[in-house]
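*Asks:* Chains as they are written, first to last, in this note's numbering: chain D, 1 to 201; chain G, 1 to 201.
What the hints contain is simulated information worked out from the structure, not anything from laboratory work. The reader is advised that the hints may include incorrect statements.
Derived, one-sided and incomplete: chain D residues facing chain G with beta-carbon distance under 7 Å [unchecked claim]:
(1) 18
(2) 21
(3) 27
(4) 31
(5) 34
(6) 36
(7) 42
(8) 43
(9) 45
(10) 50
(11) 51
(12) 58
(13) 61
(14) 66
(15) 67
DSBU-like cross-link-like pairs, simulated, lysine-lysine; straight-line CA separation at most 35 Å [claimed, not checked]:
(16) 140/G x 123/D
(17) 123/D x 38/G
(18) 123/G x 140/G
(19) 140/D x 123/D
(20) 140/D x 140/G
This structure is a prediction, so every number in the text was calculated from the model and none was measured. Don't be surprised by glycine CBs; every beta carbon is placed ideally from N, CA and C.
There are 2 protein chains.
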Amino acid sequence: MSGGVAGPEIERLIQLLARLPGLGPRSARRAALHLIRKREELLAPLADALQAARTSVVTCRTCGNIDSRDPCTLCQDQRRSRDTLVVVETVADLWALERSGAIATRYHVLGGTLSPLDGIGPKDLNLASLARRVAAGGVKELVLALNATVDGQATAHYIANQLGDLNVTITRLALGVPVGGELDYLDEGTLAAAIRSRTPF
Amino acid sequence: MSGGVAGPEIERLIQLLARLPGLGPRSARRAALHLIRKREELLAPLADALQAARTSVVTCRTCGNIDSRDPCTLCQDQRRSRDTLVVVETVADLWALERSGAIATRYHVLGGTLSPLDGIGPKDLNLASLARRVAAGGVKELVLALNATVDGQATAHYIANQLGDLNVTITRLALGVPVGGELDYLDEGTLAAAIRSRTPF
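Only chain D is shown next, with the shape it has when bound in the complex:
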C-alpha cells in the first residue's frame, strides 16, 4: 500500500484506515502519516478513544440508539415527550434530526429498511419492538422519518399497515423544496411534491 517500504505496523494501520467510509487507499496513507506525525496529540488519544468505545458503547434495548448506557440518554431524558415517537432508519438519521433541534422526543431506530432483493425482511428490523412500544400505550403520534427513497417509503407503508389498527396517529416528514434549494437544480419529483403540498404564504 505504501510500496511495502514502511514497517508492517504502518501497513496494517493504512489497510484498516482505508476501510473507513470516506477514506480510500491514498487518503488512508495520508491519514496514517498524519497520525504518526501527531503521535501524542492525535494518535494516542484516538487509540484510547477507540478502546473506550470498544468497551463502553452499547445499543439501547428500548430504542436502538447507541450510547454508553442502556437505556440511552434520550430514553432516560424525562423532559422528552412520550406522546410522540419518531421512527428512523439508522442512528445517523437520529443524530441528524437531533442536530436540527426541531423536536424533543423519543426515537425508534429500525436498523435499516425492508429490502426483499437484499434478503432484508421484517424480522431483520426492529419492528416487533416498535409494535410492542406502541401497543404498550402512551404513544399518540408515530412520525415515520424514513428516507424519501423507494425502500424507505415501502418500509413506511409496511409500518403504517401493521400498526394502523392501534390507536395511534401516523405521520411522515413533509416532502418539498429543501431550504436554500434552487428550483432549477431540483428533480421533478421534488418539485411536483412541493407543488402538491403548497402552503398559504
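Given the coordinates of chain D, assemble chain G onto it according to the supplied hints.
*Replies:* Just chain G, lined up with the frame of chain D:
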C-alpha cells in the same frame, strides 16, 4: 457534533476522527458509526494497530523515513545503491516514489520546504544531516525530488547552492506532460517546460 445525544465516548471519537485529513465532521460521524457497527472486524483491530504504531514506529535517524526499526528497512537494504541519494520533502513523497518502482536507491527526507513566511528556515529541515551524508563521501548523484512548487523549487536551489562545492552531481526531476495527460487541460507552465525539454522521438 452528533447533537450531544451520543455518549461522551462517541463524541470524543467523532472529534478525533474529524481531525484526520480527508474526514470532515460529517464523514467523521459516519466513520464512527461504521466503526461501532463493525466492532470486532474493524474497531478492535484499528485500536490495536494504532497502539502498535504508537509504540513501535520510529523516525530513521539516517534518512528521516518512518519505520518500526532504525536504521529503516530502506537504509539497511544492501541491494540499494549508495551512489544515488534522492532528496524528498516528506515520507509521503518517499512512498510515492517507491510505488513508482523507478529507482532502487536511498532517500533523505527533509521534513518540509523552506518557507520564510511560515518561519521555516534551514535549521527546521533535515539539511545539516543531508550535508553530512554527502560530505561523508560515496554519494555520486543527489536527485532533488522536491515538489514542482515555488517553495519546493526554492528549497532545491538552496540545497544546490549549499552543496555545490562538494564533489556530487545534483539533478532534479524532469518537468513535462504527465502520463495520460491531455494538453488541453494542462497549464501553460507545464506545456512550456515540456516544449523546452522535448526529446528525440
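*Asks:* Hints first: check each against the structure and report whether it holds.
*Replies:* Against the structure, the hints come out as follows:
1. 18: For residue 18/D, the interface hint is violated, since the closest Cβ of chain G sits about 11 Å away, which is over 7 Å.
2. 21: holds (5 Å)
3. 27: OK, holds: residue 27/D within 7 Å of chain G, min 4 Å.
4. 31: Residue 31/D check passes; min Cβ-Cβ to chain G is 5 Å, inside 7 Å.
5. 34: holds (5 Å)
6. 36: Hint on residue 36/D: holds, closest Cβ of chain G at ~5 Å, below 7 Å.
7. 42: holds (6 Å)
8. 43: Holds: closest Cβ of chain G sits about 5 Å from residue 43/D, inside 7 Å.
9. 45: Check passed: Cβ of residue 45/D comes within 6 Å of chain G, closer than 7 Å.
10. 50: OK, holds: residue 50/D within 7 Å of chain G, min 4 Å.
11. 51: holds (5 Å)
12. 58: Violated, because the Cβ-Cβ distance from residue 58/D to chain G comes to roughly 9 Å (cut-off 7 Å).
13. 61: violated (15 Å)
14. 66: Constraint on residue 66/D satisfied, holds at 6 Å.
15. 67: holds (5 Å)
16. 140/G x 123/D: violated (71 Å)
17. 123/D x 38/G: Given that 35 Å is the threshold and the Cα spacing comes to 21 Å, the pair holds.
18. 123/G x 140/G: Answer holds: residue 123/G to residue 140/G is near 25 Å, not above 35 Å.
19. 140/D x 123/D: It holds: about 25 Å lies between the C-alpha atoms, which stays within 35 Å.
20. 140/D x 140/G: violated (83 Å)
Taken one by one, the earlier hints fail for this structure at numbers 1, 12, 13, 16 and 20, listed in ascending order.
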